[in-house]
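Okay, here's what each chain looks like letter by letter:
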Amino acid sequence: MLEKAIKGSKVYYGWMLALLTLIGVGFGFYLWQFNSGLGITGLSRDVSWGFYIAQFTFLVGVAASAVMLVLPYYLHDYKAFGRITILGEFLAVSSVTMCLLFIIVDLGQPTRALNVLLYPTPRSVLFWDMIVLNGYLLLNLVIGWKVLEAERNNVHYPMWLKPLIYLSIPWAVSIHTVTAFLYCGLPGRGFWLTAILAPRFLSSAFAAGPALLILLCLFVRRISKFDPGWEQIQSLAKIVTYAIILNVFFFLCEIFVVFYSQLPEHMDHFKYLFVGLQGKGSLIPFMWTSMILMVLAIILLVPSQFRQNETVLTIACIAVFIGTWIDKGIGLISGGFVPNPLHYVNEYAPSFPELMITIGVYATGFFILSVLFKIAVTIKEELYA
Amino acid sequence: MKSSRRNFLKIAGITALGVGARPAIDTIAAVGGRGPTEPEPILKQNEKALTAKQWAMVVDTRKIKSEKDVAPLYEACHKIHNVPDMPIKRHEIKWIWPEQFHHAFPDLHSEFLSEKIHHTTFPVLCNHCENPPCVRVCPTKATFKRESDGVVVMDYHRCIGCRFCLAACPYGARSFNFFDPREHIKEINLKFARRTKGVVEKCNFCVERLAEGIEPACVEASKGILTFGDLYDPESEVRKLIAENFTIRRKIHLGTSPAVYYIV
Ligand code: SF4
Ligand code: SF4
Ligand code: SF4
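Each protein sequence line maps, in turn, to chains A and B. At position 293 of the first sequence the residue is numbered 346 (the working numbering), and the sequence of numbers has no breaks. At position 71 of the second sequence the residue is numbered 78 (the working numbering), and the sequence of numbers has no breaks.
Source of the hints: derived by calculation from the structure; they are not laboratory data. Some hints here could point you the wrong way.
Claimed, not checked - Simulated crosslink set (EDC-like; lysine to aspartate or glutamate; CA at most 20 Å straight-line):
1. B:K258 x B:E118
2. B:K258 x A:D99
3. B:K204 x A:D99
4. B:K96 x A:E400
5. A:K324 x B:D114
6. B:K258 x A:E318
7. B:K96 x B:D187
Construct the entire structure; sequences and hints are all you get.
Written as structure tokens, this is what we have:
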């Protein structure tokens, strides 16, 4: 099937070439970081995780959201999603790949990464995260590939695949739960130390992932002869609607607990993010933008006549995606580290090389996504067009 | 290798290093290059080595009159442990350093505080917690708590630089090597390991000195401000000080049970 990815239009080649260039540039900057150390990033003693780990966290969510297609189709027999589950699975594959790359580029000693396997330490959440992420990657790759292959040959997929498909459902939930546990089990970090963190992660993931999928479906509809289907897109839109409402609700629950209890250790981080602390607050505009976008998205998604309008839906999905991305990709990590445990407010901003490496990783993910989607769409075109 | 490197470190950490750097190298050679018929080398603990169930430290802050009284502690530790002087503040490496009360004890801070406490600087360092979160989160056991004496130590050769332990330590006691530290060491001490870029480091309660039977460098340099001893020995100096004075520890509500006590 891989040959389908090689033949394409000029635009396709141009796009792939552009991605390859970005990958190359990102890799160049990574070599610099590899040789001189993580000092070329904006990270510090106080904010010791930054942009890389934030992107990793966000993308785990995008990956997990494939379950929102798989679950209705396989568990509730919602046939319509059968057309597009493959797109969700392939999105998951490319997202998890980016997650793993972001972890690698964040390591101080990447050549020792295998120590996690050589000295397995089950009490460390990172150990479990590594297992669930790699497992999820494998599951989606195998399931996606086999189902697509069977579809192309007009046969039913092999029966041994069924248990794997069922397994992939709780597995998807686990990847984001375990990722939340990385943060919410740390005693001294009031911002993350809350049981709502995992549910918040899941709700924002189930909003951001399907929103991206809708955008991808609309895009596929426009550029290819394969139509993922308006009904499918509308069902996804309902999922996005409920998920983003839940996400905002969970956030408000957290805000209530933190500010009604007035516990400084929990409050100070929110203050830093939304109004500034000790005169510092570089993230204030971002955080408010995120909030406004999420509320705007709710307004645009709840009334069905809005949601059914393609333009409005597109705008709403972009708002959901950017809003949740800022929340997790910018606020979540910095917010947890500022103020630091000794109550100093030392801020963080990513450096230029750090951004270039990040773009390089995203480009790699999009390259993989493009290859996989190209294959899937070409096969679907042959089947449905 | 039959005896893993970890076991080697455990034993050698308290023995070979105690006799100096040279024999340590010989021991490595012996473990690595042993023929099939040769017997396993026997690693013995230095007879003079200091031992304890849980090492602890008491800081008598009443004796700190000015910054000058405590400056030698930082100097002594950083010098013998090859702690670099990084040019950029955010990359700073520190094993023991001064903090004001409201930074050292943010949860105990109040607006109205005794003038004396307000002006005292408190030496802070790794607390060698009895229930250390940094050890819990480390995915490679590069940070571990020695069963023999409760010291939380690091294996710089195993650390992957994931910095999970920096997120987990509620005391900011850990530093990460953002750049190669070796270019920034003022005076190299060849008897102690230097670190590479990309690994974490922190105070090790001077395990290399305990193995030789001497007290930690900061304690030695402190002229009685710091006292070191076994927390579970009722006769130890630290226990006597804790019994006779009111002491506080940093952020005990987190359940980490720090082994550094402060008399205020
Ligand atoms: S003070 Fe921090 S680094 Fe030291 S043992 Fe406790 S948690 Fe670990
Ligand atoms: S940075 Fe090193 S010591 Fe810290 S948790 Fe990671 S592997 Fe363990
Ligand atoms: S105990 Fe040793 S390593 Fe720790 S601060 Fe004192 S001198 Fe430094």
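Original post:
Hints broken by the structure, by number, lowest first?
Top reply: Nothing - there is no hint that the structure violates, so all of them hold.
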